[in-house]
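*Asks:* Chains A and B, in that order, are what the protein sequence lines are.
Counted from 1, the first sequence has number 163 at position 163 by our numbering; the numbering is strictly sequential.
Counted from 1, the second sequence has number 1404 at position 404 by our numbering; the numbering is strictly sequential.
If you are wondering where the hints come from, they were derived from the structure by calculation, not from laboratory data.
Careful, some of the hints might be misleading.
Stated by the list, open to error - Simulated coverage check for chain A against chain B, where a stretch passes if three residues somewhere in it have a Cβ under 8 Å from a Cβ of chain B: (1) 75-85; (2) 132-139; (3) 146-155; (4) 160-168.
We put the CB at the ideal spot given by N, CA and C, even for glycine.
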Amino acid sequence: MEHNHIINHPQFTRDGSPVAFTPEVFTKVQALISRYPEGQQKSALLPILHIAQEEFGGHLSVDTMDYVASLLDIQPIEVYEVATFYSMFYLDKVGKYVIEVCHTGPCTISGGEKILKHLQEILEIKSGETTQDGLFTLKEVECLGSCGTGPVMQVNTEYYEKLTPERVDQLIEELRTFANKDKPNDSAWVEKFF
Amino acid sequence: MGGKILLANIDIPGIRGFDVYRANGGYNSVTKALREMSQSQVNAEVTRSGLRGRGGAGFPTGLKWSFLDRKSDKPRYLVCNADESEPGTFKDRYLMHHLPHLLIEGLIISSYALGVNTCYIYIRGEFKYLVGVLEKAIKEAHQHGFLGDRILGTDFSLNIWVHPGAGAYICGEETALLESLEGKRGNPRIKPPFPAFKGLYGCPTVVNNVETLAAIGPIINMGGEAYSKVGRGKSTGTKLISACGSINNPGVYEIEMGLPVEDFIYNPEYCGGIARDRYLKAVIPGGSSVPILPAELILNTAKGERRLLTYESLADGDFETGTMLGSGGFIVFDEDACIVRNTWNLTRFYHHESCGQCSPCREGTGWMEKVLYRLEHGEGKKSDIDLLVRIAKNIEGHTICPLGEAAAWPVASAIRHFREEFEEHVLHPAEVIEKERRL
Ligand SMILES: Cc1cc2nc3c(=O)[nH]c(=O)nc-3n(C[C@H](O)[C@H](O)[C@H](O)COP(=O)(O)O)c2cc1C
Ligand code: SF4
Ligand code: FES
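Next up, chain B with everything else stripped away, as it sits in the complex (with noise of 0.2 Å):
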């Protein structure tokens, strides 16, 4: 497998250890930016990268970053948000586990491109064990003078912390982090103000994913000119998919942007095709928040083309044939998977995760959750397809946070792609319920 950035160093033994790390090439990036860049290179670079938010938005980091209130006199706040709980998505957390260096490299030229002296971790509560990782590799650079007082023998100073939240996936939203980081609940801030000028502790703030911050050590490496040949167009670089269902091989893997997605379903390298030798039925490519697309769409577009694991190719005809990359996580379906299921299922999550604060995403959640549990029990009328469709329309633009959206746009996509399997369940429950409980 060639073109890896991130996962480049993953197979050499005794890489999470900073000597190894270091002994591969780790931390040079550091010692360049420092040494022989100011901070508005650094932020250049990764300006002329391309690229782009990993977190799920797939907002430019260049930008995003350009927008901090850097006129304020209060500190800055760079905060990296590994809270991963977007079902389908384990890509962070594997990056964690296997590379904690890669992250603390890249948190550390990103403070000092942005003029950051504190930097936290929020880390979803679940993944403690990786809290233990995450400190060892801080004072393992701490130690080495690549963190804390006068880095390098340079005039910047960074110290990093790692967070922990306690369950809850609404904390992934950045406005519900810094809330929670604030040892608050996590509901998410009404915006404007966006956190680059208000942020924590009402502090000028940066949040990005973990994959976002560990790609800018490599990018500085190799330069942002080199980082934006990679890939295809506008999705520079390479991304981590995190690949499960009824696959033969689920796992994380790093794909130059671009590749088309029958060569990711069906290429050995990747998930190998589907499990036991069933027919791909569907795919949620981007965590369980992005539309469900049936096997012909998720392979070519509606007008044909190949579809490519890009930002642009996945959601080529929007919302009615289209998708989106969001996080990478990628959920396969085989023929068996029955929709119905799988929809009452996410919903049930979302409708556990709502926060609360509004009333369109609280009851609207709960009210899709009861109707898909009816569908799926053999209890549902013809006429709760159609209200699915009107309670996701309600949801969608009258939340304060987008996960309202993230809530109705599967079940929208899942009744505007697989209508028949929704009315079967009306038509013949006695059937339905059978058929599923020999699975």
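The shape of chain A in the complex, shown without the other chains (with noise of 0.2 Å):
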């Protein structure tokens, strides 16, 4: 589609660092944009704040934030204030693996509240906290929509369901093994229960 031009003008960080994604997330990112009508190039915020985030360190920084403004010719403004109403959003530096664990109801009647704490005790961290070697950030969110598999976690895109601290264990030291290599792909364990 011939609509909504946009160009890939670096954004230079305080310390003089360009912030740019790279021509072949470039592309991705024009490709999402032409999905919406000329004008209306505003709606490809947040599948791009997505893409930004994991390029770019795994949390949105105002640099980054910054550039996706000028990619999409809206406001520094407008992006912030996108970036700070949503949850999956982060605006500090995170964990390489991001452990969410729904403490909603249903996952609390399936003993979720013991995984949360069993993850705390094994990370020796509390909720809301990166362990010191960077590798994971605990957090707690609301119903990830799989109370019926509860209790149930993600991690970063990954959904864990029918949690035991056993299973937890395991899927810790899976991750600590993986940490050097590609993130894990655990689908399999998505088709498995759902």
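Given two chains presented individually in distinct reference frames, assemble the corresponding complex, making use of the accompanying hints.
*Replies:* Right under this line is the structure:
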């Protein structure tokens, strides 16, 4: 489509280093923008912020948000107000693996509180904190839409359901081993239970 | 399990892929609608079917479609609400996960009937893995000529795009969803104007739930008349119920409207009874926003009739002794469950999810959470119970969107039906805390 032309001007951070998507990612972003009508490129903001967060260190820094604003030709404030509204956007640095444990009603019936406590013990952090090695951030979140297979948590984008403390131990071990390699792809886990 | 309409083919291996789906009659409804039916004939079938919105409010779909401003020269949009974030509800996820093509099929026919050429599926950000599933299905539909330009050689063209949200329950409310889709904060809009006149980008827009749209294909296949004969009275067809909590078989079940609640809870085909041989204490039958009912009132109405899974039967008794079908998120509590704790937990949810635009909702949910926290943690006063009732009343009807009510009803109904339990927390806090610690 020939509308919503955007140009990939890098944004310069305070220390002078440029922030910009790689050409491949930029192509993806352009395709995303073309899904919306002419002049409505701002619609692509949420999808692009997801990509930006993944590309630039797992959270949205002010520099990253300014860059996204320049891409979409909108004011930086329009990005800040959105980034602060949605719980999946992190404004502060997070660990390589963000563990989000559901703490809403149905999951607590199936033992969610136990899982949360167990994670706090084995990671030696409280909810909202990151382990010293920068591997894990622990968060409590609201209903993940898996109430029939609780307790549930999400690690980055993967769902882990019907959790037990043993399964959690095993998973944390796996993640520690995987930490230096690629992200584990655990969708088999989703298939199994859902 | 007979009588399935949406999930009839779910057990066929490979049904997620286009070829198997098509080989089992998939997309026949699209061929039928586009080749043999006019737009108004499709609309008429949907109206005749009696289908009501499955997102929570149960508004008749045909009627909603008839409100769409067809005189405007602006483009029209169809937006599929796949934000599913209401605690206890996980049916749309199940449907999209197993039968992505059923949704796509429904979107094509609905877009045809509404004169829409661009359709967005707004899916909650946490369901990122489903974005891939849906995009694959869309791609397959394109490859086989069911999407894109001049579908099946007709004049009708359609593109469907999947749009992820980013974690905000309020974006399930249709006007907040439209704001979010426009790249803004999810603040609900003041209505009117309704989306049918000024929706996405100020254009006429229909917003429907995933399950509602998935029912359109089967309705076209079987005919609106036949669909309307399934179910009971004004609750036509089937409904997906996602069951969770203290039951033996949590999961998603397609039931014919009119199934007695008791059968649903105890029949091994469905929930299979209460887990660990406990007694049934209470049920929230339609997602966390609807009133909770104690066992005796969920099984039978106050008039002594069997309670059925229909819009009407569940609402029998209004707020005094009734509840709502809502989204079909069926949460079961056994005798060990603490109603105060659960109410506090759900109020924390609503406080967290309030968009903050209206003070009764923003402040009220915060106050209720604080008061419930102190009751649950043994620091409550007797007057706190009436205070909660007052706060809930002050939220109701004083807000821009129904999240205010959604937060108020669970508190008001929990106190209405379980007041002794709240009083117990005030009178014997130490014992209550000790009992809960042991569980
Ligand atoms: C706070 C709130 C949250 C809602 N969440 C959802 C949701 O997640 N999914 C949904 O389909 N409808 C949700 N709704 C209802 C929508 O506003 C809208 O009525 C529905 O999508 C219309 O589709 P239907 O007529 O097919 O049911 C929500 C409403 C409110 C007030
Ligand atoms: S009722 Fe609550 S969620 Fe709805 S608009 Fe008002 S503050 Fe926002
Ligand atoms: S309550 Fe945990 S996934 Fe719904």
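*Asks:* If a hint holds in the structure, say so; if it doesn't, say that too.
*Replies:* Checked hints:
1. 75-85: Per the Cβ count (4), the hint holds.
2. 132-139: violated (count 0)
3. 146-155: holds (count 6)
4. 160-168: Not satisfied, violated; 0 residues make the cut.
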